[in-house]
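Residue numbers (the numbering used here), protein chains in the order written: chain D, -10 to 277; chain U, 18 to 276.
Hints should not be assumed to be uniformly reliable.
Claimed, not checked - Far from chain D, some chain U residues (derived; all Cβ distances over 10 Å):
no., residue
1, E52
2, G118
3, R175
4, R177
5, V179
6, D181
7, T219
8, E221
Said to hold, decoys possible - The calculated label-pair distances, taken between Cβ atoms and stated as ranges, are:
no., chain 1, residue 1, chain 2, residue 2, range
9, U, K19, D, A45, 28 to 38 Å
10, D, D60, U, P251, 18 to 28 Å
11, U, K19, D, V262, 51 to 61 Å
12, D, G216, U, E40, 44 to 54 Å
13, D, D211, U, V179, 52 to 62 Å
14, D, V57, U, N78, 50 to 60 Å
As the list claims (entries may be wrong) - Just so you have them, the derived chain U footprint on chain D, three or more residues with Cβ under 8 Å:
no., stretch
15, 133 to 141
16, 184 to 196
Calculated from the structure, these hints are not laboratory results.
Built from N, CA and C at the ideal position, the CB exists for glycine as well.
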Amino acid sequence: MRATSPERSGGEAPRRNTAAEARAAFAAWVGEAPEGRSFGQVIVRQTPEGYELRHAANVGVPDEELVVHGDPREAREIAKLTEEGEYRPLKSSPNLRRGWVLRVEDERGLYVAMNYLYPSGVVHWHLYRNGELEITNYRENAARQSGIYKRVQRLSDEGVQNAARACCEDAVCLKKTLWDVDENTPRLSEPGEGEIPCPEPCSIFVSFARRVRLFERENKRDLDAIGLSPSEKEDLSALVDAAATGSVEFAREAEFEEPLNERRMRYRKLTLVPKLRPDEDAATPDEG
Amino acid sequence: MKALIIVGHGSHLNEDSSLPVYEHAALVRDHYTGEFDEVVECFWKEEPSMRHVLDMVESENITVVPAFISEGYFTQQVIPRELGLDGPVTHRDGRTIRYAGPLGTFEGMPDVILERADDLLKGKGTRPGRTALVLLGHGTDLNKNSGGVVYLNAERIRERGVYDLVEVGFLDQDPPIAEVVEGVEAENVVLIPVFIAEGWHTRETIPEDLGLTGEVTERADKTIFYGAPVGTHPSVADLIVSRARETEGREAELARDVS
Ligand code: SF4
């Protein structure tokens, strides 16, 4: 995001304030649609008193049935936990809780609230619409990593592709994925339908990519006679153990070290299921 | 316009890590009205990320304060890299971004530790005899200075002569905290974690390893008072503002150095 403002030669040209521009553009965009605009899982509508935000599933629900908020900063609490009380490390995950309405007085309040619900979503939306959003591809992002994340630099292209399918598609993240593996290698996962652009692998993705890199390493040396890796067997046993109790309890959203993590299971569906059912056409997607 | 950006570590697993950052930001908004037009939180592992926070901020005059205890891997490598900072003062796209030092080395830190200890002891009976303050640090190999900052604060508090003894112990380096607490020759031991947030260690491993039963643990030879991490104390909000103010003179200083 370093080049979103025009090049400046001296120190005199007035600074272009992209954030303020985005705030105004978003409010105007909302104002143009009397029925409101959808952004992530939220519907934002202009009202005579200001702006009103609610979960898309709560359109038309009367106030008596909702918790009514009047302070834009309360959006942070709304965005913090799922309906089940689970912590939400990724705000674009499709698990925003319902049951609230937030009324703010003005454009500034709207900007504050939106930035708690979808951090930096409005400014990226604005830049994307103007064709000015700078994209950082996976390899460029990985090259920057250090410490325990340095190993993501060694993730294969195929690993990046599968990680993106498992981590970024609309079933698990509502952002529209815009980054590629590198300049010459387009990302193949579905970008997503939503309004909020994703210009660069996020910290959840990098952490997931690290886990996938560890899986890849196993594949080189630790496969058993039927071609399963230790962690694949660990996941299968955990799944059987859990299912045998009658209910499968999933690990937390970003707990990638745990076998029963949703993204980890999505990755297994892409890489393990084809191994287990070699006769079936593995490329057939299951949506129907 | 002027902005304060508070940088926290954040967590993928729970809200403990970011909570103090949000609380301090809210206190700064309330108590220092007019000083900053924007007070914005950002994180390494949560959103908004350091990578994107500058996009969201409208101000041209920005101070970044890391809500970290010690100078090290995060404050020297990760934060400047992710925010794209050139050093203590960065000029970019018509903006000035000042980068403050971490909280633990700041001269105001001993006051916050002492306040934390006072709050802990308030209304609780102490045994007759000596009272020791024991500062608990993390001490990791990733961050060579994390021990140093605990010793620095212990020394500064010792100089004030408020406690009979001021000792230091660590989780991941010598001296181990359990030995320090066992060995300290005092009837009352006030144990304060010099951490920025609550977490697995402060809630689980430390009480377990030391056999603590809560805020007050009675042993045959001593009473142990166990405090919340210093980073969660409301006065840290003041510390953050002081850190931010301190950076303001910097540009003038730098200009002087150059000429
Ligand atoms: S990297 Fe993937 S998971 Fe992360 S925000 Fe972007 S699309 Fe969502």
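At 10 Å, judged by beta carbons, does E221/U keep clear of chain D as stated? 16 Å, holds
For the hint 44 to 54 Å, verify it against the beta carbon of G216/D and that of E40/U. 51 Å, holds
Go ahead and decide if the range 52 to 62 Å is satisfied by the Cβ distance of D211/D to V179/U. 57 Å, holds
Between K19/U and V262/D, does the C-beta distance stay in 51 to 61 Å? 55 Å, holds
Assertion that R175/U lies farther than 10 Å from chain D (Cβ): 34 Å, holds
The output says T219/U does not contact chain D. Does that hold with a beta carbon cutoff of 10 Å? It holds; T219/U is separated from chain D by about 18 Å at its closest Cβ, greater than 10 Å.
Just double-check D181/U for me: nearest Cβ-Cβ distance to chain D has to come out over 10 Å. 40 Å, holds
Given coverage of the stretch 184 to 196 of chain D by chain U, checked by CB-CB distance under 8 Å (3 or more): holds (count 5)
Is it true that D60/D and P251/U lie within 18 to 28 Å of each other by Cβ? 20 Å, holds
Beyond 10 Å from every chain D Cβ - status for V179/U: 37 Å, holds
Count the residues of the stretch 133 to 141 of chain D with a beta-carbon closer than 8 Å to any beta-carbon of chain U: does the count reach three? It holds, with 3 qualifying residues against the three required.
Given the range 50 to 60 Å, decide if the beta-carbon distance of V57/D to N78/U lies inside it. 36 Å, violated
Going through the hint list in order, the structure does not satisfy hint 14, though it satisfies all others.
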